[in-house]
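Peer 1: So the chains spell out like this:
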Amino acid sequence: MSTSTPDSPQGGGGMTWHVAEDDLRAYVRGELTAPLLWSADTHLAACATCRALLAGVTDPVALDAGWERLDAELDAPRPGWFESLLVRAGIADHTARLLTATPVLRRSWLAAVVFLLLATVGVVHTAGSPTLFLALAPLLPLAGVALSYGPALDPTYEMAVVAPLHGFRLLMIRTLAVLAAGLGLNGLATLALPGYGLRALAWLLPALALTATGLALTPRLGPVLAPSLVGGAWIAVLLAAQAAQERGAGSLAPFTAAGQGVAAAVAALAAGLLFVVRDRFDLFNGSAE
Amino acid sequence: MTTTVTASGLGLRYGGTRALDDVSLRLTPGVTGLLGPNGAGKTTLLRVLATAVPADRGSFTVLGHDPGTSRGRHQVRRSLGYLPQTPGLHPDFSAFEFVDYVAILKELTDRTARHREVRRVLEEVDLGDVRGRRIKKLSGGMRQRVALAAALVGDPGFLVLDEPTVGLDPEQRMRFRELIAGAGEGRTVLLSTHQTEDVAMLCHRVLVMARGRILFAGTPAELTARAAGRVWSSTERAPGAKAGWRTGTGSFRNVGDPPADAELLEPTLEDGYLLTLDDVSAEAAA
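Heads up: the sequence lines are chains X and D, in that order. When we follow this note's numbering, the leftmost residue of the first sequence carries the number 532, and every step to the right adds one. When we follow this note's numbering, the leftmost residue of the second sequence carries the number 39, and every step to the right adds one.
It is possible that part of the hints are untrue.
Listed below are the simulated SDA-like cross-link pairs for lysine to any residue, each with C-alpha atoms no more than 20 Å apart in a straight line [stated by the list, open to error]:
| # | chain 1 | residue 1 | chain 2 | residue 2 |
| --- | --- | --- | --- | --- |
| 1 | D | Lys-280 | D | Pro-296 |
| 2 | D | Lys-280 | D | Thr-306 |
| 3 | D | Lys-175 | D | Asp-164 |
| 4 | D | Lys-174 | X | Pro-610 |
| 5 | D | Lys-174 | D | Asp-207 |
| 6 | D | Lys-175 | X | Pro-610 |
| 7 | D | Lys-280 | D | Pro-297 |
| 8 | D | Lys-175 | D | Leu-206 |
| 9 | D | Lys-174 | X | Leu-684 |
| 10 | D | Lys-280 | D | Gly-294 |
| 11 | D | Lys-174 | D | Val-204 |
| 12 | D | Lys-174 | D | Asp-164 |
| 13 | D | Lys-280 | D | Ala-248 |
| 14 | D | Lys-174 | X | Trp-612 |
| 15 | D | Lys-280 | D | Leu-302 |
| 16 | D | Lys-174 | X | Arg-609 |
| 17 | D | Lys-175 | X | Gly-611 |
| 18 | D | Lys-280 | D | Pro-305 |
| 19 | D | Lys-280 | D | Thr-257 |
| 20 | D | Lys-174 | D | Ala-248 |
| 21 | D | Lys-280 | D | Thr-314 |
| 22 | D | Lys-175 | X | Glu-562 |
| 23 | D | Lys-175 | D | Asp-207 |
| 24 | D | Lys-174 | X | Ala-764 |
| 25 | D | Lys-175 | D | Gln-210 |
| 26 | D | Lys-280 | D | Gly-267 |
| 27 | D | Lys-174 | X | Gly-611 |
Derived list of chain D stretches under chain X, where covered just means 3 residues or more per stretch with a C-beta under 8 Å from a C-beta of chain X [claimed, not checked]:
| # | region |
| --- | --- |
| 28 | 80-89 |
| 29 | 100-114 |
| 30 | 132-141 |
Hint data in this document are derived by calculation from the structure and do not stem from the laboratory. All residues carry an ideal CB built from backbone N, CA and C; glycine is no exception.
Next up, chain D with everything else stripped away, as it sits in the complex (with noise of 0.2 Å):
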């Protein structure tokens, strides 16, 4: 599959704090997920990839735009559609009104043209029958999709969404989802999220990140197969399980090294999560 985005040892430091530390990757068409936990760098990685941030070190590419010159910089945001973690709307703007300002800042300065945009991508995320009404008086879950919907505007073929479904209600998310794999056909995006099931659901490639550097790249079920032969059910908590906790049915689910005689259980894309964050954990304290 074609190579999209390629990065190559990516690093930015804050302040003593190593954000990015080598950080390289390829991403191809399709929705690729980015896990990792809270300060792990995922958002400073989705703004450099976004442009917004430059990196100390390395370089990357976006469909073959370098954004280390100031004319790179410029075709690799004509090509980028970004919905940071806390999209601001102006609370008393149009649903129209947000996405048309959004679509003048993407140059699209002829009126009708990006009326027309406007109008497609706001049908896209479903909002074409209240594009009218103030952001202000829509939910969350519709300001997320007034949000997504200007990310789309130009229809951009690398997309970066930074927790695009933190906050929303399961109705909400799967609506939600059903967006994101529809933007992912045909185009490049990078989610960062802290659910498992989005990436499970969504993702054909996935990202796990922790103290700024990339721990594992490869599809959903490598990440799944990782916990093979690792989880195992107990009637009680394991004391050498990695994680441990008691489910509906009454046993324990462990995570971790099994006993010999452990009765295995089907690993799932969170465990195979969690022990990649724990076995680097351990590399990190030995």
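Bound conformation, chain X alone (with noise of 0.2 Å):
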């Protein structure tokens, strides 16, 4: 966006760039998009240069606006690294706000999971069976998603719950962002067990399947309840399955073939459960006075 002529005499003092006259039209049209708005915002707040070469570009009215519009982003904070990482990434900035605001996707949590996850490879390691880990991994994305929405840690939620966002498409962009980072960090934890080979990938459908469960009963039986439930119903049968194993069954029935295909089916028909009951969660769910 910048040309690299000199400074003129008339403003723009210890400029070494200027705004590119393209990018100055698409400026005043409102079309210039984020990094390069800012920048063009920063930079024009303080050459008088490209100022003068603004004003000749557009009508006195527009240009009035873009003035409102400089003085309002410069007005405004810097947002944080993870805000800024997300618009870089091409999330839109108002999206990157709200993703911001997710309790689980504090350095704190997302560190905790981390040592969670390097632990349990080490104990993978140590064990010679990766079932520790299968058995864990799923159990991440569905408390992480469970946090992620609700009285108990979102601060927000009751300003949010009343708010004309809707709850589903809050609670659905909030799902997608941990679902990435945790099934990512899980995937990272995937790469530190090559001796595994696919069986190491055992619990992405079970963590699917947990995650849309926790959720659909959610409306139900509450943001607390319902996580806890599900990941103990998984628990219970991780423990039946080992039972039967130790009883000369083979490998443990959940990282079968057949478990997968129980576990995708589940993950399915609970991602439609969500669907019906999405209206729900423009509700209250809490207690009450």
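Using the hints, build the complex out of the two chains.
Peer 2: The structure is reproduced here in structure tokens:
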């Protein structure tokens, strides 16, 4: 967006570059997008040359609107590193702000998950079996999603419920972000277990099944009980499968081909149920007065 | 005066508790106070009117919109500012970032217009100078003003405030009253509070609630008038008084049914409130 022409004598003292005319025209049309927009905003505040050029390519009304916008932009605080990262990744700035307010996307949460996964991978290497990792990995996205929405951890939950933004939309935005982070970390942990091949990925479908089921049951059971019950059911299934394995049943059932098929079916059914009950996320789900 | 919010026969049960019992009301522009003891159903009523919780029975409209339908609920929410009893604020956000976040929840997605609106409401609550400061570094009164600013985003026609002055010192409370009075100009404000002084100073109408029911609806003067002839002074606590306490002058101020020769005192709104609650308790006991 910049030119390397030297600064003009009439202004822009100290500037080593100027906003390209095409970008200025896009700027006045309101079509310049972040981060070019932010760069132009900041530059125009300090460069008289570019301001003069800007006045030449626009009408006065549009120019006034532009100055108002510039004023608002310079007044706004700089977004944090995580929010900036999301915007640079192409996420709209308002969606990035919604994600920044998601409790489990904070550094402390992500650090805890990384620590837990590293410890688990260590145990897997020591014990010579991936079972613990496969059992734990589906629970992390379930917990992350459960804790990203609801009165327990979201301090603005009550305000969010009565806001015009559809509760299900907010839930889905956060769920996708948490799933992306959670599944991504699980995936990285899987790479640390190369000796088990595709078997080490057998957590993925159970993770999706548990997360979708936990969300689908939340409107009826609440944001704490629903994921707790689903997590407990997963542990019960694993214990039952282990007992069967000790009786000579071979691999743990959830991680066999049949078990993976069941997990996929449960995930699909729960996703369907979640869609059916989507309007229930528009109402308060907490204790009474 | 134009009625902006109407409710008819609202009822809601939580388990075995009747949180709202046949509540009907009409609100007009200006500040209406909602008084009641703990557990009276005030927060439940506010949550129902704010569309957070659906009522089991009855209906209501806000600015002509019926929240009984998905579309109507959306319209009500676009006209609503809500300050809950314990407004959660992201402590690591700055005041600007937090209000900006709420503005996004209110569907203001255009960055320039949104930031303009955020600046406007922060100026309105006198926080323009500290808009970049982290919320965790703000005082309790300032945090409450941040929450009020968030409620004011979008210039809502109906503002619901649930005990916004709790925990504030007298100076902060006075400052907050000024803000609420300003917010009540041209819009309908429903203010739940335990502070009868808030109602006396701010409200053009008052509702008294207990056990899920509206016991009184009228002007503060009418509520005060309920205690006319029922407040008296004595040298000892009067045995038949509903309430009585020694004042700074050493004499007792009694509220209830005075004896024939009692030295009557000018009633306050608090006297009227206490007697309204007591009359209902007596009816329930009978």
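Peer 1: For each hint, tell me whether it holds in the structure or not.
Peer 2: These are the hints, each one checked on the structure:
no. : hint                    : verdict
1   : Lys-280(D) / Pro-296(D) : holds (10 Å)
2   : Lys-280(D) / Thr-306(D) : holds (15 Å)
3   : Lys-175(D) / Asp-164(D) : holds (16 Å)
4   : Lys-174(D) / Pro-610(X) : holds (17 Å)
5   : Lys-174(D) / Asp-207(D) : holds (18 Å)
6   : Lys-175(D) / Pro-610(X) : holds (18 Å)
7   : Lys-280(D) / Pro-297(D) : holds (13 Å)
8   : Lys-175(D) / Leu-206(D) : holds (16 Å)
9   : Lys-174(D) / Leu-684(X) : holds (17 Å)
10  : Lys-280(D) / Gly-294(D) : holds (5 Å)
11  : Lys-174(D) / Val-204(D) : holds (19 Å)
12  : Lys-174(D) / Asp-164(D) : holds (18 Å)
13  : Lys-280(D) / Ala-248(D) : holds (17 Å)
14  : Lys-174(D) / Trp-612(X) : holds (19 Å)
15  : Lys-280(D) / Leu-302(D) : holds (15 Å)
16  : Lys-174(D) / Arg-609(X) : holds (18 Å)
17  : Lys-175(D) / Gly-611(X) : holds (17 Å)
18  : Lys-280(D) / Pro-305(D) : holds (14 Å)
19  : Lys-280(D) / Thr-257(D) : violated (23 Å)
20  : Lys-174(D) / Ala-248(D) : violated (36 Å)
21  : Lys-280(D) / Thr-314(D) : holds (11 Å)
22  : Lys-175(D) / Glu-562(X) : violated (37 Å)
23  : Lys-175(D) / Asp-207(D) : holds (18 Å)
24  : Lys-174(D) / Ala-764(X) : violated (39 Å)
25  : Lys-175(D) / Gln-210(D) : holds (17 Å)
26  : Lys-280(D) / Gly-267(D) : holds (14 Å)
27  : Lys-174(D) / Gly-611(X) : holds (16 Å)
28  : 80-89                   : holds (count 6)
29  : 100-114                 : holds (count 3)
30  : 132-141                 : holds (count 6)
Checked against the numbered hints given earlier, the structure breaks hints 19, 20, 22 and 24 and satisfies all the rest.
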